[in-house]
Every structure is written in structure tokens, then in C-alpha cells.
Amino acid sequence: MMSNRAGDATTGDAAGFAVCADADRLRRFAAAIGETTPLYVDEDAARRAGYRSLPLPPSFLFGLALEPGEPFPWFASVGLDLPRVLHGEQTFTYHAVPCAGERLHVQPRISAIYDKPERGLRFVVRDIRITSELGAPVADLHSIFIQPDPARDLAPPKAAPSTRLSATAAEAGREPQSASAWQAELRLPPITRATLADFATASGDLNPIHLDPEFARSVGFDDVFAQGMLSMAYLGRLLTGQVPQERLRQFRVRFTGRTLLGEAPICTGTALPADDPLEQRIVLRVTNQAGEERLSGEAIVSASR
-11 MMSNRAGDAT TGDAAGFAVC ADADRLRRFA AAIGETTPLY VDEDAARRAG
39 YRSLPLPPSF LFGLALEPGE PFPWFASVGL DLPRVLHGEQ TFTYHAVPCA
89 GERLHVQPRI SAIYDKPERG LRFVVRDIRI TSELGAPVAD LHSIFIQPDP
139 ARDLAPPKAA PSTRLSATAA EAGREPQSAS AWQAELRLPP ITRATLADFA
189 TASGDLNPIH LDPEFARSVG FDDVFAQGML SMAYLGRLLT GQVPQERLRQ
239 FRVRFTGRTL LGEAPICTGT ALPADDPLEQ RIVLRVTNQA GEERLSGEAI
289 VSASR
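In the working numbering, the protein residues as written are -11 to 293.
If you are wondering where the hints come from, they were derived from the structure by calculation, not from laboratory data.
Since the model is a prediction, treat every value here as computed from it, not as a measurement.
Even for Gly, the Cβ is constructed at its ideal location relative to N, Cα and C.
Take the hints with a grain of salt, since some may be wrong.
[Unchecked claim] Label-pair ranges, simulated between beta-carbon atoms:
(1) Arg40 to Pro71: 37 to 43 Å
(2) His93 to Ala64: 21 to 27 Å
(3) Ala182 to Ser120: 31 to 37 Å
(4) Pro261 to Asp30: 30 to 36 Å
(5) Glu202 to Ala37: 43 to 49 Å
(6) Leu266 to Asp200: 45 to 51 Å
(7) Asp69 to Pro177: 30 to 36 Å
(8) Ala278 to Pro125: 37 to 43 Å
(9) Gly250 to Trp62: 28 to 34 Å
(10) Arg35 to Phe209: 41 to 47 Å
(11) Cys8 to Gly38: 33 to 39 Å
Modelling step: build the complete structure from the supplied sequences, incorporating the hints.
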């Protein structure tokens, strides 16, 4: 674990709590991200696909694991100030596919707090273990939050590199060499205030910087901008449109830019030729209509049976 160099802020476990998503909330989440695949909105279709009820989409656990009440109430305990915090990186590692109505246990932990004074940045690493009511592992969430010094620009800084997070241009662009390699694209309509409000309600992420123009302007932005997790949810749609969700082992992204009102996200996925017979890597990217990158990442899926 990285050393704690954040003054009076401390690492360690926080209080765990139980959560449960009902089918109506999952349908609202699906509507907020434009998901119409039957198994995510129709319980009968989900059961025919082998699920107990509606499956929770790949990124939904982030919002479900947020504590009730004010957005990110734990920030203050580790020296973070909500208006200035940037979500740098998010990883999900999956052990099972939870469904609507299942009671889950959330156990958060602050894993590391460290400063990079030469860059004017503080990093806080938070891990969450989610288990079933019987204690079986469901998913592990790994988040990196970044707070720039007040005198610095709030443009998203680069998070500490994760192993194999991004493919090189040559990897992403090379010709498919096997039947299991594919490329896919998902184009979304322009982001509106209603888009952000609908996603906030369905996901549980009520950070005012995405909802309140006056608040956004008070901390130096021209207006509100899209939740990074909205773009990750769009990528989740792209992934589950190509591979069954139960094959998804890991899904991780780095937030590299802000998606502004009026931008139309374009999500792309490139499944690279499988070197490992047991799993395959998918390179992910979100840009706006001008080609400016807003998010990059990857997914690991198990090989088809």
C-alpha cells in the first residue's frame, strides 16, 4: 500500500452498509443511458436469458455504492473539497452478476492518500468490496480521486498509469487476425441538462457540479458538464451489446476530459486478437463529435465457451 502523506487524513476501513436496487430503479437507469436491450428492462426477458431478475449494468455498482445523503460525504475526512475533486480513474473487477432485488453489502476502504507537490495534486485511492447477503464476492471497485491545488487549472490531470490501461495506436488500429476480434461503435445524442438530471437521479450521483450551473460557475467552470460515470455507462452499453455480461471480468477507464453540454459522445470498442485462450482484451474510448478524447480504457472478458 502507498504511504499516507496527507497530514491528518487516514487510510483504513469505513463503515459498511447494505444496499438493494429494485427493478424500477434499473429501468430508470436504462432509460437515462438509452439502453433498450430487453434483458435490462424486462424481467421476463432477463429470466429467459438466465438471470434471476434484471441484471445490474456493468457500471451501476458505482452509484449503488454511494452513501445516502450529501454527495461523497467521506471527502472531508481525507482532506478533499467536493468542488475541486476530479474522478481520475475507475475500475470494476467482477465475480458475479448481481440482479434486482438482491441485498448486497458494501465495504469501503481508503487504500492510499498521497500528494505530488511538484504537480500541485493530492491523490486518494478508494477500494470497495461488494459481497452478496451470504458473503460471496460480487465485485471490487477501485477509484482514484484527484484534487488539484486551488491555484491550478481544473483540467483533468493524468492519473498514475495503470498497467495495460491504454492500448497503443498500433494495437487499437491493427487488422483483426481472428474471428474473435471485432470493432464496434455507439453514437449518442448531444448531452443536455435533462440527460444529466436523469442520470443523476437514476445513478444516485447528485454532485451539484453536474446539475447546478450557479454552483459550477462558483468554482470556475462556464457551466455544468457530464458525469464521467455517464460516459462509462455508455461504454457498458457498448460492451454488453457485444459480449454477454457474465463474461465481463474487468472494466476500467481513465477520465481524460470533460464532456460538455451539446457534445455528442462517440464510444468505440476494439477487441484485440486473443493471445490468451482464456481471456480477451477490449480497447475502449469515448470522444466528442470533434474527435477530442474524453475517456480511455479497456475491458477484459473471458473467452467464449
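Legend entry - Which numbered hints fail: Number 11 only.
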